[in-house]
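Novice: The residues making up each chain are set out below.
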Amino acid sequence: MLTNYLKITLAVMKRRKMFTFITLFGISMTLSILIVLTAFYEHIFSGNYPEVNRDRCLYATLLEEQNTKEGGMRRGPMSLYYINNYIKTLKTPEKTAFSTVPNTINIYGNGKKLRLFFKYTDPVFWEITRFEFLEGKAYTQKDVDNNEQVVIINTDTRDDYFGKGVSAVGKTMEINGQSLKVIGVIRGCPITRLVVAADLYIPYHLQKRASEEVKEYNGGYTAIVMAKTPADLPKIQQEYAEVVPRIPLLTYGGFTPDRLNAGLSTYFDSIVRDMFFGSGDGSARARFYLFVTIFALLFMSLPAINLVNINISRILERASEIGIRKAFGASAQKLVTQFVIENIILTIFGGLLAILISAVFIWWFNSSHLIPYADLAINWTVVAVALTLSLIFGLMSGVYPAWRMSRLPAVEALRG
Amino acid sequence: MIHLSNIEKVYRTETIETLALNNISLSIEKGEFLSIMGPSGSGKSTLLNIMGLLDEPTKGRIRLDQEEIDDFSDKKLSRFRNQKIGFIFQSYHLINDLPVLDNVELPLLYRNVSAGERRRLASAALEKVGLSNRMKHYPSQLSGGQKQRVAIARAIVGKPEIILADEPTGNLDSAMGNEIMEILENLNRTDHTTIVMVTHDENMARRTHRLVRLFDGSLVSSNTFVN
Ligand SMILES: Nc1ncnc2c1ncn2[C@@H]1O[C@H](COP(=O)(O)OP(=O)(O)OP(=O)(O)O)[C@@H](O)[C@H]1O
Ligand SMILES: [Mg+2]
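These protein sequence lines are chains A and B, in that order.
Position one of the first sequence corresponds to residue 1 (our numbering), numbered consecutively onward.
Position one of the second sequence corresponds to residue 1 (our numbering), numbered consecutively onward.
FYI, nobody ran anything at the bench for these hints, they're computed from the structure.
Using N, Cα and C, we set each Cβ at its ideal position, and we do this for glycine too.
Do not rely on the hints blindly, as some may be mistaken.
Short, incomplete list of chain A residues facing chain B, as computed with Cβ under 7 Å [as the list claims (entries may be wrong)]:
1) Leu10
2) Gly253
3) Glu321
4) Ser331
Next up, chain A with everything else stripped away, as it sits in the complex (with noise of 0.2 Å):
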């Protein structure tokens, strides 16, 4: 019986062509535009390569020196001095790492000029994050020590400037006048994982302005602080806003802040309150949700509705043929069958075609090199709700106009 249901959806695809195509098309085009944005979403949100321990960190970012009454606001990333005294103090923390935002830099090598980010960090961010070397090693706290002119770069500097290939440990590139051994190479991950990434990493102390002596609150440099389990998020972030307040005000010339606002966030509130909205790290988050639903909704409601639209503008314009089914001995029951066979065997092809579609923009995109190291994939659990869902709503399209159809006397069917 089931070969039999397969066999009559094929033909009746086969024979039904635009009504196939609009069915089809509907489905797979929502269903990949969602799997290729899941797969954005996921690229920037999750705790991807290098930052497989994105789940148990968090981030200072952001610091705030506001005048709450005459206004006035320093805003940005912290100094040193700041992260030293008052992030790198904290006791239920199991490592703390900082890193200067990227900057670029131009430089030259192999003929060309490159335009590269360059990053200064401490050597506990390579014990946080999870760079793989293609060679070499990372720097310690001991290179940090003897003042080792060092510096790592990933694959694709290495390409540009020693030739592709080609092994860089042990040679020496010019970097902002300073002449850098290079003492490891890595696969590099893409700008996305914004907190991490650049083409050059150099050991903090080879800073020229030694910012550690700096006494400013507002700098360069952000911090990572990973706890020993997720569990103690809460715990780190609680000692943190207990230190915060207790931190003594600084003067800068005729700017006088009487407030300081940081906290310690998640990946995601950090960059969800970066990107989209002010501070406060609660009700950024809720507005970003309140966003991505609405989106979602107004965005699958469509394709929704067609689908809804087409199935029964499918079933009612197949009332004779429902009228001579129930006329050679189909009971309800088993037209209903039909039409849910049917509209499950579109969904599945619907399916089937969007991973397609989107394992296709994936690859592309990926090695396109718009984002370099593009990481993008499918998440199969995405797929799956996709598709059940997209499964639903054609069940309930498909069942509710066959039930009332096959309830219609034949002859009422048949007349059409």
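Given the structure of chain A, go ahead and fit chain B with the ligands onto it with the hints provided.
Specialist: Then chain B with the ligands, alone, in the frame of chain A:
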């Protein structure tokens, strides 16, 4: 085989009521070949549809093959239509999305018949109506007479005890009409199938056992022929 008593059928629309059948009582014996005539709109199709359980009468009782039909569940009605009745419609009513062979297989699809057996029986039925060379065609690729013969093949494939034919020769030329009449006569003679046929053609009606005439929803006369 078919017993109708005091059948009434009223069609109600918002503005008017049409009395399509008025107090019809009619008994058709097993193996009988009955023809129905009457002017257009006199209720012939309505009567046939009620006999075939495609439509419900407003009043009256139906007995089919010793079974009183009242309050039949959808399941039971569909089994009855599937196993006892073969319909030939005035306007063919083939499924355009399916090829001829699949159309003919339709009644068997709703019985427990294996795919191979369905194929075999449907081919045999098509052979009977002289269409074995058109099995893979779609209905839209057939002439009117060919469509009507497919419809006949579909009606006879399940060997039903009753065939209800609504103007099976109405759209055909006389030669083709004659061929189809011969098929029906054969079924009636060899398989003792009970046949009820609506027709506008006096000559066709004369070839059956009995003719009843409808006028404005009422039975007005009945002739018995000795063939
Ligand atoms: N669904 C309906 N709604 C309202 N009136 C209907 C409906 N079906 C049939 N009728 C009316 O019932 C009467 C009988 O119709 P029926 O189709 O049985 O006639 P018929 O004898 O088969 O005619 P023909 O020879 O033209 O096929 C007609 O007056 C018709 O208008
Ligand atoms: Mg009629």
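Novice: Checking each numbered hint in turn, tell me which of them this model violates, lowest number first.
Specialist: 1 and 2
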